[in-house]
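S.K.: Below are the chains, spelled out letter by letter.
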Amino acid sequence: MLVIRCPWCGERAETEFNYGGEADIVRPTDAEHLSDREWGDYVFMRKNTLGLHREQWVHSHGCRRWFVAERDTRTYQFKSYEKLGAHAMEKS
Amino acid sequence: MWTELDQETPLVGLGHPPGGFTHGQLGSVLLAELPFVELTNLRGEPGSPGFLAAVLDSIGSELPTTPNTVATSADCCAMWLAPNEWLLRSTGAQPTDLARRLDAALGRQFFAATDQSSGYSVIRLSGPHARAVLAKGSPLDLHPRAFGVGQCAQTLHFKTSVLLRRLDLAGQEAWEVIVRRSFADYAVRIMLDAMEEYLGPGVAPGSSSH
Amino acid sequence: MSNRYSIFSLIKNGLSHNEKWGQAWRSPEPRREYDVVIVGAGGHGLATAYYLAKVHGVRNIAVLEKGWLGGGNVARNTTIVRSNYLWDESARLYEKSMQLWEGLSQDLNYNVMFSQRGVLNLAHTLQEVRDTQRRINANRYNGVDGEWVTPEQVRDIVPIINLNTRYPVLGGSLQRRGGVARHDAVAWGFARAADALGVDLIQNCPVTNIRTKGGAVEGVDTGKGFIKAKKVAVVVAGHSSVLAEMAGIRLPIESHPLQALVSEPVKPVIHTVIMSNAVHAYISQSDKGDLVIGAGVDQYTGYGQRGSFQSIEHTVQAIVEMFPTLSRVRMNRQWGGIVDVTPDACPIVSKTDIKGLYFNCGWGTGGFKATPGSGWVFAHTIAHNEPHPLNAAFSIDRFYNGHLIDEHGAAAVAH
Numbered sequence: 001m002l003v004i005r006c007p008w009c010g011e012r013a014e015t016e017f018n019y020g021g022e023a024d025i026v027r028p029t030d031a032e033h034l035s036d037r038e039w040g041d042y043v044f045m046r047k048n049t050l051g052l053h054r055e056q057w058v059h060s061h062g063c064r065r066w067f068v069a070e071r072d073t074r075t076y077q078f079k080s081y082e083k084l085g086a087h088a089m090e091k092s
Numbered sequence: 001m002w003t004e005l006d007q008e009t010p011l012v013g014l015g016h017p018p019g020g021f022t023h024g025q026l027g028s029v030l031l032a033e034l035p036f037v038e039l040t041n042l043r044g045e046p047g048s049p050g051f052l053a054a055v056l057d058s059i060g061s062e063l064p065t066t067p068n069t070v071a072t073s074a075d076c077c078a079m080w081l082a083p084n085e086w087l088l089r090s091t092g093a094q095p096t097d098l099a100r101r102l103d104a105a106l107g108r109q110f111f112a113a114t115d116q117s118s119g120y121s122v123i124r125l126s127g128p129h130a131r132a133v134l135a136k137g138s139p140l141d142l143h144p145r146a147f148g149v150g151q152c153a154q155t156l157h158f159k160t161s162v163l164l165r166r167l168d169l170a171g172q173e174a175w176e177v178i179v180r181r182s183f184a185d186y187a188v189r190i191m192l193d194a195m196e197e198y199l200g201p202g203v204a205p206g207s208s209s210h
Numbered sequence: 001m002s003n004r005y006s007i008f009s010l011i012k013n014g015l016s017h018n019e020k021w022g023q024a025w026r027s028p029e030p031r032r033e034y035d036v037v038i039v040g041a042g043g044h045g046l047a048t049a050y051y052l053a054k055v056h057g058v059r060n061i062a063v064l065e066k067g068w069l070g071g072g073n074v075a076r077n078t079t080i081v082r083s084n085y086l087w088d089e090s091a092r093l094y095e096k097s098m099q100l101w102e103g104l105s106q107d108l109n110y111n112v113m114f115s116q117r118g119v120l121n122l123a124h125t126l127q128e129v130r131d132t133q134r135r136i137n138a139n140r141y142n143g144v145d146g147e148w149v150t151p152e153q154v155r156d157i158v159p160i161i162n163l164n165t166r167y168p169v170l171g172g173s174l175q176r177r178g179g180v181a182r183h184d185a186v187a188w189g190f191a192r193a194a195d196a197l198g199v200d201l202i203q204n205c206p207v208t209n210i211r212t213k214g215g216a217v218e219g220v221d222t223g224k225g226f227i228k229a230k231k232v233a234v235v236v237a238g239h240s241s242v243l244a245e246m247a248g249i250r251l252p253i254e255s256h257p258l259q260a261l262v263s264e265p266v267k268p269v270i271h272t273v274i275m276s277n278a279v280h281a282y283i284s285q286s287d288k289g290d291l292v293i294g295a296g297v298d299q300y301t302g303y304g305q306r307g308s309f310q311s312i313e314h315t316v317q318a319i320v321e322m323f324p325t326l327s328r329v330r331m332n333r334q335w336g337g338i339v340d341v342t343p344d345a346c347p348i349v350s351k352t353d354i355k356g357l358y359f360n361c362g363w364g365t366g367g368f369k370a371t372p373g374s375g376w377v378f379a380h381t382i383a384h385n386e387p388h389p390l391n392a393a394f395s396i397d398r399f400y401n402g403h404l405i406d407e408h409g410a411a412a413v414a415h
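Residue numbers (our numbering), protein chains in the order written: chain A, 1 to 92; chain B, 1 to 210; chain C, 1 to 415.
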């Protein structure tokens, strides 16, 4: 079982989390002008990195926040964590 | 809504004693259901001007902004759920209609206060073996070093989500478990099973001697 | 075949104390150039090489393997063979595979211990009953055998089952032609037969780059130098994305750990393969008595050939719920493989945008049963530079034109 550090709650067991796949995939804003190729690339194609992978997790059974983690897909070791987006609390 | 004469808790399947279901002994481990506790979910931006002050005015307690901590006042306990979300647990004997009071106090703020009293069950585990019973289904380190009084945590108990809070009942170790109503029967039955080794033989669920 | 296995060769070698058996296959050094280089000496890669040589007459073939032959998923699966998939495209492909299984030991002159002991897919809810009966009907339309069995029949087939669990068994589908095969023997049988047809099997030879020029493949850089090839066929399961990146191709694949475990050997108690999607468990018993149990995929992507403990725990809980009598059986070994999962749980057996480069991947959690069929259609695709009618629908293009074949949950795929 992985031990995952939620940026809010600290280290917790993997069972409290759900995996959210590859990070940094941006939904195209002009979807109606995309070719089938571009749309297929956005919807289906994945890096599936061997090595350091930027990915999304959500602390489902905890604070229910999404965050981004960097994890080595060979060793499963986490290298870094960051909160998703800028929260209103930090902006003020 | 609080005047219904035959309101039932989700533990009705384990027996229906007035004052809630209990099992065990305080000298070992005691499980007690606290029926019909008033719970209010509050969402809002702590950074929004005037929000924290208005809440303080209304419920008499600060809102904790440190993750997984608790702030208490005379009749309310505010538990951190998320950076913009808290559970307010009334501690007085009577319901205080918190959601309506917050509505009135925060009228112009960007917020949501929702009465969730009927959505959850509140269970208390106390006694020297309470922590050991809880630990059987918990991925957390429950040692006082890691989880002290004044802290709370949303986590799993076996297969169900729970909100744990550590209590200090006159020096006696105790825990409060808030669990979704529909999972309460499951959570309590699996706790009863976990308690069995610490209680003497022949203590049937439903009996108590505190 | 110089070293043909038969009752006579058994007697002859027995008389010489079994000391004179020849090598099952050669271990040659790679030549500088091949007509076809197949990357990956797993079940699918070896089957591809065998059918390319046998059916299509291509003899100048190398199969390159990073580790050892048959050391990946073909050594790590739960050996289940069935063809009761819901959709026409998949049912036909897996049924072709089933038909090849039925003659495989004779064809390869190697006993792959294919045992048609039946595959039982349990239904635990009314909706599952409807879905299962629909699938049985669809299977029969496609010439795939299948029958509905009642809870009483389930008990007759598996006497140790507990029908009245939290999710009671309401019936199930039985494919009598389904069963198990000895996974390692499948790799070894294909390897030996391909070698006998002149295919070079080259182990400890990782591919580090796929060279292309002007939109066509030139060859591969390997741990043993550059190998020129007219055609390169990639069959590397969990590492497909890594090879695709070398060629600048994108794949809709994510690699996940998938775990399995076996118990200590016990007397025969389970005479068929039992699968349950609802409680998520599948179990069979090997000929030497081990209970063979498959867990679910781990949620995260990973290349580590190991997964998280709770996946195993979840499966074992389901097994014990269905078979309380197994609650005190001890588990002997547990391991993981890397499965290449596509969005529609169907494989990609396809040409690519690069001339002479072919990919066979995306079999996810269910590739073993397809081993001969996958090799059959992939060999055709490589030899003719066009897909076989059975794999035409399984091209990469379906993720761009929308013609997905959604077998997720549909075909008794448990994950």
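These aren't lab readings, by the way, just hints derived from the structure by calculation.
One or more hints might be untrue.
[Said to hold, decoys possible] To spell it out: a stretch of chain A is covered by chain C in this simulated footprint if at least three of its residues, at any positions, have a beta carbon under 8 angstroms from a beta carbon of chain C; those stretches are:
| hint | stretch |
| --- | --- |
| 1 | 3 to 11 |
| 2 | 30 to 41 |
| 3 | 47 to 53 |
| 4 | 58 to 71 |
[What the hints assert, rightly or not] So the derived list for chain B, only partly shown, Cβ under 10 angstroms to chain A, looks like this:
| hint | residue |
| --- | --- |
| 5 | L140 |
| 6 | P144 |
| 7 | G150 |
| 8 | T155 |
| 9 | S161 |
[Said to hold, decoys possible] Result set (DSSO-like, lysine-lysine): computed pairs, CA atoms no more than 27 angstroms apart in a straight line:
| hint | chain 1 | residue 1 | chain 2 | residue 2 |
| --- | --- | --- | --- | --- |
| 10 | C | K213 | C | K355 |
| 11 | C | K96 | C | K351 |
| 12 | C | K66 | A | K47 |
| 13 | C | K355 | A | K47 |
| 14 | C | K54 | C | K267 |
| 15 | C | K213 | C | K228 |
| 16 | C | K267 | C | K66 |
| 17 | C | K351 | C | K230 |
| 18 | C | K96 | A | K47 |
| 19 | C | K54 | C | K96 |
| 20 | A | K47 | C | K54 |
| 21 | C | K213 | C | K224 |
Keep in mind that this is a model prediction, so the values were computed, not measured.
Glycine residues also receive a C-beta, built at the ideal position from the N, C-alpha and C atoms.
S.K.: If you check each hint against the structure, which ones fail?
M.R.: The structure conflicts with hints 1, 4, 6, 7, 14, 16, 18, 20, although it agrees with all the remaining ones.
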